[in-house]
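Novice: Here are the chains, one letter per residue:
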Amino acid sequence: MAKSVLIVDDHPGFRASARRMLEASGYAVVGEAADGEAAIAAAGALGPDLVLLDVQLPDLDGFAVAARLQGLEGAPAVVLTSSRDRADFGDAVAESPARGFIAKAELSGRALAELVG
Amino acid sequence: MSGLRRALVALGVLAFLLGILSAALVMTSDHASPRGLLLALVLAAGWSFAFTGLYAWDRRPGNSIGPLMTAAGFTWFFQALTASNNAWVFAIGILGQTLPFAILVHLLVSFPSGRLRTRLQIVAVSLAYLATGPLQLVWALFTDPTAQADCDGCPENPVLIGGAEGVAEAVSAVQVLGGCASIAIAIWILYRNWRRSSATERRVLTPVLATGGTAFTILLMQLIVGELGASEAFKQVTFIASVAIFACLPFAFLLGLLRSRIGRADEETSALSAENQQLTAELEAKVAELRASRHRIVEAGYAERRRVERDLHDGAQQRLMALTMTLRLARERLDADPAAAAELLDEAMEELGAATAELREFARGIHPVVLSDRGLAAALGGLAERSPVPVEIAAAPDERLPTPVESAAYFVVAESLTNVARYAGAELATVRVERRDGTLEVEVSDNGAGGADPDAGTGLRGLADRVAALDGSLSVRSEAGKGTTVEALIPCG
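First to last, the sequence lines map onto chains A and B.
Under the working numbering, think of the first position of the first sequence as 1, with each following residue one higher.
Under the working numbering, think of the first position of the second sequence as 1001, with each following residue one higher.
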């Protein structure tokens, strides 16, 4: 069965591209959210297998959202993404409970599969 | 010769003439006794007070000690009028003869500044004037000089209110009490001033206080003993002593006043220090404003860099990310579904076009290339073209100006036109940029709603700092219903 995915990003253009790319790679996109609070609510309601989570959001940052998603029952696997490099965030990525980080420029079904299987 | 000095010389001449007149009155008097001593007192005290007073007045025009001494001198001549055989002149003399003592109290307690500052000083001086002014008048109305023991041959009192001898005695007693109280307070004030003063101040105070204190003591003795009834010999001695001391007193005042730096320095220093304080305050305000504006310029620099980063991140970069994903998808589809891949490529090209346009707009926001290439007039034309509200360029300089001036003028117009489009609801904006007398005048006005708050929003504030950094100024006039006018004046050499 296809893995269910929640896309969290405040740019609708990116969400649309990501949805198309993920669906083309065999994921089932079950929802989208534009900020951190909406992401936590949607994750609670939809119970996705995977959350593709942008680091820079208008309210909470992606690391805070990842930490809170970790507390949910049947916590989803979180993959952080950003238009910046992993190095721009120091060791925040390593410290976070997320499975990993993929720069938006390198985002593909294969890169995702390597992180979450 | 100044107007003041002319007046002072005239007063000096008058004092001299009054002295001569006094001598004539005393020497021809039927009743004055002893004539020689009376004349000595009048001339010594009257002339010395008047002349030293006028001199002090001339040297320290801002200090009232000089005028007070002069007044004391002139009032001494009332004594001479009491020698007159004419009843009316005699009455006037009686009326005024005690005034110099009140002025003396005034002089001593206000020395050396000439000002009455404390309540106690005012009480002492008020009591003195009350006893010698109004009360002396009442006393004079009820006193019959012909009935007095020491006034043989005195003229009759032309204004006598008869049949009430007790009144004069009662008033006289009140006068003596008031006078004694006034002198006692004055002595206390003098003592206190002296005790509180520094060594330098004592150099000024000592001659006055020593002479004044002695004069007061003699006066007090005369008052008290006179009331109790004294021997002729005692009266003679105290009289001679008072002549001597009153003649010395004005020189003591003059010496003290001229030694005093307070008399002159007081006013000059206080004016100087007030001016100094004001200048310091202005300077501090300027420095604070400069510091604040420098802080804002640095802050604006950081804010600008953050804005550039955010604009790039949210705009072009996001478009390029999406473009990358679209291209990658197209590449993956190319073999299996060429038609879908072609559609994705079309989409990618559209996205690329949008990203390019956005970058171009963005670069112009950082620095408009037309401004550096072709100057202010061309750049303003470009702004007018892109403005959603119609813009009329009423004037724009053809010549090239220093780069910072052109740049500041350009951004003042750009920001103002942005505000017109956003807030004013105007139908027309007018831009006028003219070089006049070494200043570039930049004016953007609209026919919109007006009522804009010039302090609201950081855009204009940042521009005001930018203009101020070039020693210019920016002002906003925005009355409700009358449109908004932004005016910048930028020195351009």
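One should not assume that every hint holds.
Simulated restraints, written as ranges between beta carbons of each label pair [stated by the list, open to error]:
1. B/Gly-1365 / A/Gly-47: 56 to 66 Å
2. A/Ala-111 / B/Ser-1475: 34 to 44 Å
3. B/Arg-1360 / A/Gly-71: 40 to 50 Å
Computed footprint of chain B on chain A, listed as stretches where at least three residues anywhere in the stretch have a Cβ under 8 Å from a Cβ of chain B [stated by the list, open to error]:
4. 10-18
5. 87-100
Hints are computed from structural coordinates only; laboratory data are not their basis.
Remember, it's a predicted structure, so these values are computed and weren't measured experimentally.
Beta carbons are placed, not taken as given, at the ideal position from N, Cα and C, and that holds for glycine.
Novice: Residue count check for the segment 87-100 of chain A against chain B: does it reach three with CB-CB under 8 Å?
Specialist: violated (count 0)
Novice: Within 34 to 44 Å or not, the Cβ separation of A/Ala-111 and B/Ser-1475?
Specialist: violated, 57 Å
Novice: Using the Cβ atoms, figure out if B/Arg-1360 sits within 40 to 50 Å of A/Gly-71.
Specialist: holds, 46 Å
Novice: Are there three or more residues in the segment 10-18 of chain A whose C-beta lies closer than 8 Å to some C-beta of chain B?
Specialist: With 6 residues in contact (Cβ-Cβ under 8 Å with chain B), the coverage given for the segment 10-18 of chain A holds.
Novice: Is the gap between the beta carbons of B/Gly-1365 and A/Gly-47 within 56 to 66 Å?
Specialist: Taking Cβ atoms as reference, B/Gly-1365 and A/Gly-47 lie about 45 Å apart, which means the hint is violated.
Going down the numbered hints, you'll see the structure goes against 1, 2 and 5, while the others check out.
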